[in-house]
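Student: Here the protein sequences come in this chain order: B and S.
Residues in the first sequence are numbered from 1 upward in steps of one, following the numbering used here.
Residues in the second sequence are numbered from 1001 upward in steps of one, following the numbering used here.
Keep in mind that the hints were calculated from the coordinates and are not lab data.
Every residue, glycine too, gets a C-beta built ideally from N, C-alpha and C.
Any given hint might turn out to be false.
What the hints assert, rightly or not - On the chain S side, residues computed to face chain B include the following (Cβ under 8 angstroms): (1) Glu1044; (2) Ser1099; (3) Tyr1102; (4) Ile1104; (5) Ile1146; (6) Leu1151; (7) Gly1203; (8) Pro1204.
What the hints assert, rightly or not - Using C-beta positions, here's what the derived DEER-type ranges look like: (9) S/Phe1164 x B/Ile31: 23 to 29 angstroms; (10) B/Pro62 x S/Ala1222: 42 to 48 angstroms; (11) S/Pro1149 x B/Ile158: 53 to 59 angstroms; (12) S/Ile1200 x B/Val68: 48 to 54 angstroms.
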Amino acid sequence: MSPRHYAIYRCLLLLLTMIGLSSCSGEDCPINNVVAGKMLFYNHLNDAVAINGTLTVSVVRPQGDSVVLNRKSTASELSFPLSYTHETDTLIFDYNGGMLYDSLYISHINVPTLVSVDCGMAMFHTITAVSSTHHVIDTLIIKSPEVNYDERENIQVIYHTAD
Amino acid sequence: MNAKTFRLFIILLISLAASPSCLRGADANKGKPLSLLHNKDKGEKLFQGIYLSADAFGYIYPIFVKDKYYSTELSATVNLKNRFFPVVEVGFGYTDMVSQLYDIGYRTQAPYYRIGMDYNMQYKNGKPNYIYLGGRVGYTSFKYNIDAPALKDPVWGDESPVQFTDIPCRAVWAEAVAGVRAEIAKNFYMGWSLRYKYPIYKGPIANGGPWYVPGLGSSTKAAFGATYTITYYLNFNKRRP
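The task is simple: from the sequences and hints, build the whole structure.
Tutor: Laid out in structure tokens, this is it:
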């Protein structure tokens, strides 16, 4: 084999190596593929607190309310869904089995998101405004508006008292 | 650096270590005094010639892997003193695929551009074969389409359609390049390069951003790429063999 043919032969071998090398690159899908908002509970001093008693949370739907948290004791946080098509969602907070109620209103933009062609589509959201009744809740603060796979704290719920 | 990237780096280093045997006459100057080789370089004209190259890797690669996107590119490289190689690359990237797992259709096609410079690591041997290191800056402006099954809300039960057309996007990226170019016939060369591509800017990001960017590839993070080129050399240095 002449040096020139040998060079061509080696270069073709390298081409096959490169194809193998390039095909190593792949897409890693997120381990957590649940999209949910997250809110944490605080008192006036900005200390994290737990609800003293039970908390039941429902989302209001045209076809009937859906419970997302059922009589949870000493709840200190809540993961909540946001609708794919509505602009504002209503969450009903029921404290201690109907003794007190609060309604939370969460306005958001829905963003259909291509995670990748190998990992699929997901509906992410951007929270634009929050408000509530004030039977037990004092203030709501948007901490991070983006609702996606990151599980960040999106909303701070500040109560009148530690209860 | 994760394990996968580290493994690719090891393969790259092994490839580079093996590459001198790809070059005809790479050891021709073995044993010659270094000072003699330097004197030879001093006599070189600044402008030596122009390499006109076509890349075949963008069409070969999709045959072997599942990513169904294609690209082809042409480049012009100026040879300055057999040592510095300013280069302009113009390519065209294309994909029209549907993922089997999620039935997501993704379509785009656009030109891309790169400018940069290579440095011949073996300029002292005076032969028309090169091992080179270099860098590039790439740019593309393109539009992409996404067509996927509607997203069904698990709580409310509604469906949200997923059909987006002509989403505009621009991308800028940097590439580190390592490669070889070997003469296979008079003024004809064959060569390859490995490229480490690092996205600098992609935007505006809408609906998760593009999956495939012409010239950059399908990864959202840094990724490896490659070229396999056939080159014709316009020789403006009559003294050169």
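Student: Would you mind marking each hint as holding or not holding in the structure?
Tutor: Hints versus structure:
1. Annotation: interface hint on S/Glu1044 violated; nearest CB of chain B at approximately 24 angstroms, more than 8 angstroms.
2. Taking 8 angstroms as the C-beta contact cut-off toward chain B, the hint placing S/Ser1099 at the interface holds, the least distance being around 4 angstroms.
3. Checking S/Tyr1102 against chain B: minimum C-beta separation of about 4 angstroms stays under 8 angstroms; hint holds.
4. Because the beta carbon of S/Ile1104 sits about 5 angstroms from the nearest beta carbon in chain B, less than 8 angstroms, this interface hint is met.
5. Hint status for S/Ile1146 relative to chain B: holds, with the closest Cβ pair at about 6 angstroms, below 8 angstroms.
6. The interface hint given for S/Leu1151 is met, as the beta carbon of that residue sits about 5 angstroms from the closest beta carbon of chain B, less than 8 angstroms.
7. A distance limit of 8 angstroms between C-beta atoms decides the matter here; for S/Gly1203 the minimum to chain B is near 15 angstroms, and the interface restraint is violated.
8. Annotation: interface hint on S/Pro1204 violated; nearest CB of chain B at approximately 13 angstroms, more than 8 angstroms.
9. For the pair S/Phe1164 and B/Ile31, the beta carbons lie near 27 angstroms from each other, so the given range of 23 to 29 angstroms is met.
10. Judged by the Cβ atoms, the range 42 to 48 angstroms given for B/Pro62 and S/Ala1222 holds: they are separated by roughly 47 angstroms.
11. Evaluation of the 53 to 59 angstroms hint for S/Pro1149 and B/Ile158 yields a failure: the beta carbon distance comes to about 41 angstroms.
12. Roughly 42 angstroms separates the CB atoms of S/Ile1200 and B/Val68, a value that falls outside the hinted 48 to 54 angstroms.
Consistency note: the structure conflicts with the earlier hints numbered 1, 7, 8, 11, 12.
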